[in-house]
Each structure stands twice: as C-alpha cells, then as structure tokens.
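Asker: Got chain B; can you put chain Z on it based on the hints?
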Amino acid sequence: MAIRRTPFHEFHKEAGARLIDFGGWEMPVQYKGILEEHHGCRNAVGLFDVSHMGEVRFRGPKALDAVQHLITNDLSKAAFGQAQYTAMCNDHGGIVDDLICYRIGPEEILICVNAANRDKDYNWMKSHNPFGVDISNESDFWAQIALQGRHAEAIFKKLTDAPLPGTYRFTQGAVAGVEGCIIAGTGYTGEAGYELFLPAGAADILWNAVQSAGAEFGLVNVGLGARDTLRLEMKYSLYGNDITDDTTPLEAGLGWVTKLDKGDFIGREPLVAQKAAGIPRRLVGLEIEGRIARPHSAVLSEGQPVGEVTSGGLSPSTKKNIALAYVPDALAKVGTRLEVDVRGKTAAAVVSKTPFYTRPY
Amino acid sequence: MSYPKDLHYTKDHEWIRVEGDIGVVGITHHAQDALGDIVHVELPAVGKKVSKGGTAAEVESVKAVSDVYSPLTGTVVEVNGDLDGNESTVNSDPHGGGWLFKIKIEKQDELAGLMDAEAYTAFEAK
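As you go down the protein sequences, you meet chains B and Z in turn.
When the letters of the first sequence are read in order and numbered with my numbering, they come out as residues 1 to 361.
When the letters of the second sequence are read in order and numbered with my numbering, they come out as residues 362 to 487.
For reference, chain B alone in the conformation it holds in the complex (with noise of 0.2 Å):
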C-alpha cells in the first residue's frame, strides 16, 4: 500500500520536520529535536498531529450494547459528552486495541483507535456485531490534532466559544470557525489539554488558527519521538510495545479498565480464569542505572532471564533511564532489585512507582 500522509503534511514539510514511515503513514518524527520538544510540551504547550488514528461511529438503538460487547470497560457508567479509556480484546483476552470510547448520545457513541489498527478493529468490530448496529468507518474524514499543556486551555479560549471540556468529557462546537468539531479533554502526555477531531477539510484553517493563537504562549510543534518520551513517562500503554494481542489488560495494568462485573463481554471468561487463577506477569516500569534498555532488552533477576523490556529510554523530564516490562507477578513489587541485559552488559535496574512524571500544576 501507498504511504499515507495526513492533511497537515506540507506544514510539516515547511516547519522542516524530519518525516518517517510510522505504520504506513508518513509522519513527522522530529521538527526541531525531540528534547526541545519535549520540554516545550511539559513547560508550555505542544501541538501533535495525531490524524493518523482512526475513528469509528457506532449507531442504532442497541449502540451501547454493541460496544459493550467489545470493550473491557464499562460505558454504561459514562454519561453522555463523557469519554472513557478502553481495552478491547479478543477471544484469548488478549488485546486487539486500547480505545477511547465518546458517548454522544443514547444511540450514537464514537471510539477512537490507533493509527496501526485501524482497518484490524474496524473488520473486528464488523464481524462480532450480533445487535446489528450501523458502524461506520470515519478515519477518512476526520483529522485530528492533540494540543497538549499548561496553556492549551488559554490558547483553545481564544478559538472558540464553546465550553471546554474538563477531563475525560468533550464538547462539539466551532473552533476557529469551523463547525463540527469535536473537542475533548484528552491526551497522552499527562499535561492538560485537548485532543480536537475537526472534518480533514478544514485542516489548513484550524493549523494556522493554533499557530497563531498559541504563538504568544510558545507553542511548539511536536512529533512522534517526543510523544513517545512523553507517554512513556506517564506509563500510557504503546500498542504494538506494551500491549499486543498476546497480552491482557490484567497483565497491563489496566485492570481499572477491566469491569468483570459489568455482564459478558468477548474476552471475559479467560480474563475471570486469569484473575482466578493468578496473574502471572505484571507490566511494570523500571529505573535502570547507567544504561539505555530498549524494547526486547532481557530484565535478569539474579542471572536469569524472567521477562522483557517493552518500551525504555532516556525520561528527559526525570533525568532517569525508563522503561517498562513485564515481569513475574511474584517480581513485581515497587522497590524490587532487578538487572536489564542492554547489548550484553548488565545494569542494575528497579521496580519504581508509576507515573515516572507528575505535572507540577
């Protein structure tokens, strides 16, 4: 298949970002560098083209049925203009994708899904739909950019005059005179901020409104390097790293998004067989001393191998060698004294609460 760009691809050009093949789409890895923008995103604000995820509607009168029969949370709990964060699994438990699902109204509710994974979930969701609800692929039509930071709130105030969103809720109104949009207050940075899904027809006039509006806050473009080392630092999930088919949310970390209670759901049984029977490896993040570990990188305890690094780099904000990996339950203790092997050498690593970074406001 062609690569493919999004709408925002001749700013990037123009702002001389270095652009890289990101599953499949062409996409700026760096503008400036990825430290700068990185601490442009946590001591400013940062504006991300993210119009590479997808995004999928879902209608009819059992609309809400038919996504809990998909997703691991319970979206029943969720009130409308309310979003939540997801995993959606597979007959294994394992994880097809983690999604964030907005509930619009009683028979209209649109989830977000990853840029990788959009025609996987969208033939997943097709085929085990047994209420027949109306799902409409709209990744097409929708661009999306994520402006994330201290000062989102102030710049958004100048675009719009609907009223913004507090965390996990969203609002639809015009921003920078464009009508339809979707504003919510989410992201994957753990700044504040938004994430805006706008019609990819009005990508230049929104672009031009947020660089103008964000100019006297110091607005930085950033790309996908600096939202890696930014998620990473907030222990936010990579799907395709953290999280894969073969992996499930119990072993994820993300059993708060994991209601077994809430009634049947595809993945359920295994995961209660799980729960039941113990849940053998944890996701869990690591401070390693001295050295850089980088996915598949072997954690050690005692000499022996136990598990792998998943994600790992340099956390810019800390100063510290991250990274995450899953480990044996039983090794998965805050504090727990493990070894990577990074290339050969072994460096000595341990078990550290999660978030590695709490904003400072």
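Just to be clear, a hint being listed does not mean it is correct.
[To be verified] Each pair of labels, with its calculated beta carbon distance range:
1. Z:G458 to B:K13: 27 to 37 Å
2. B:P355 to Z:A395: 29 to 39 Å
3. Z:D394 to B:H296: 20 to 30 Å
4. Z:D367 to B:P280: 53 to 63 Å
5. Z:V407 to B:N123: 52 to 62 Å
[Unchecked claim] Only pairs whose alpha carbons sit at most 27 Å apart, straight line, appear in this in silico DSSO-like list of lysine-lysine:
6. B:K353 to B:K319
7. Z:K424 to B:K353
8. Z:K424 to B:K345
9. B:K345 to Z:K409
10. Z:K465 to Z:K413
11. Z:K424 to B:K319
12. B:K320 to B:K353
13. Z:K413 to B:K345
Don't read these hints as lab results, they were simulated from the structure.
Even glycine gets a Cβ: it sits at the ideal position worked out from N, Cα and C.
Answerer: Structure of chain Z alone, referenced to chain B:
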C-alpha cells in the same frame, strides 16, 4: 556544512585527527544530525585494543543506539570524560569538544584508506 580539513573521515561517519602517533576520534556532523539529540555515550576502557572498523564506543540518541567504529587500529589512551552529563556537546560541537576517545595509532599506513574533507563532503551528500 564545511568539514574540517585536518580530519580524516570514514564511510561510517567517524572522524580522526592525527597528532603524531595519537589519533582523536569522534562522529561527524552528518552522524550527529542523523541521530538527533544524543543522551548517552558509552566509551571504551583505557587500554582497550581497537581495530580498524571494529566497535569501540556507542552513542545513543533519544530514539536509537549506534555503534562507533574505530577509524584505525590502536590502543585507547584517553576518553572524553567531559561528556558525562554533557552529551549534547556531541551534537553542538561534533568535530571539537564532542570528541569521544583517543588512541595510540598502531598502523599509520591505514590512514590511506580514509577520506579527506573534500571526499567526505561529497560522500555524505549522496
């Protein structure tokens, strides 16, 4: 970018400055630019024997780790301790303060296999 004329360059984007029988080694502007923000360097032990083209050090950016190969055969006599905590010097001054290690050169004739500034400028632009 104009590359310093007193350095010799490898196809793997290292440079070496020869001062008598001592060679100072670093990575080129092109290499640091391709790597992005450098956050860690793993330097060899003093006394380590290195061969031309053999792995001698590692430089790590936020996104990736990269081996640094020795441009010539020799023995490591000094490493750049100033980089500890100031790894970004490799980005800001790759041909100067961002040097990585020094070797006592064993085979001066290996120099003939390296590029001069003019040849490297053409090579890295490809």
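Asker: Give a verdict on every hint.
Answerer: Here is what the structure says about each hint:
{"no.": "1", "hint": "Z:G458 to B:K13: 27 to 37 Å", "verdict": "holds (33 Å)"}
{"no.": "2", "hint": "B:P355 to Z:A395: 29 to 39 Å", "verdict": "holds (31 Å)"}
{"no.": "3", "hint": "Z:D394 to B:H296: 20 to 30 Å", "verdict": "holds (27 Å)"}
{"no.": "4", "hint": "Z:D367 to B:P280: 53 to 63 Å", "verdict": "holds (60 Å)"}
{"no.": "5", "hint": "Z:V407 to B:N123: 52 to 62 Å", "verdict": "holds (58 Å)"}
{"no.": "6", "hint": "B:K353 to B:K319", "verdict": "holds (16 Å)"}
{"no.": "7", "hint": "Z:K424 to B:K353", "verdict": "holds (23 Å)"}
{"no.": "8", "hint": "Z:K424 to B:K345", "verdict": "holds (19 Å)"}
{"no.": "9", "hint": "B:K345 to Z:K409", "verdict": "holds (16 Å)"}
{"no.": "10", "hint": "Z:K465 to Z:K413", "verdict": "holds (12 Å)"}
{"no.": "11", "hint": "Z:K424 to B:K319", "verdict": "holds (15 Å)"}
{"no.": "12", "hint": "B:K320 to B:K353", "verdict": "holds (13 Å)"}
{"no.": "13", "hint": "Z:K413 to B:K345", "verdict": "holds (23 Å)"}
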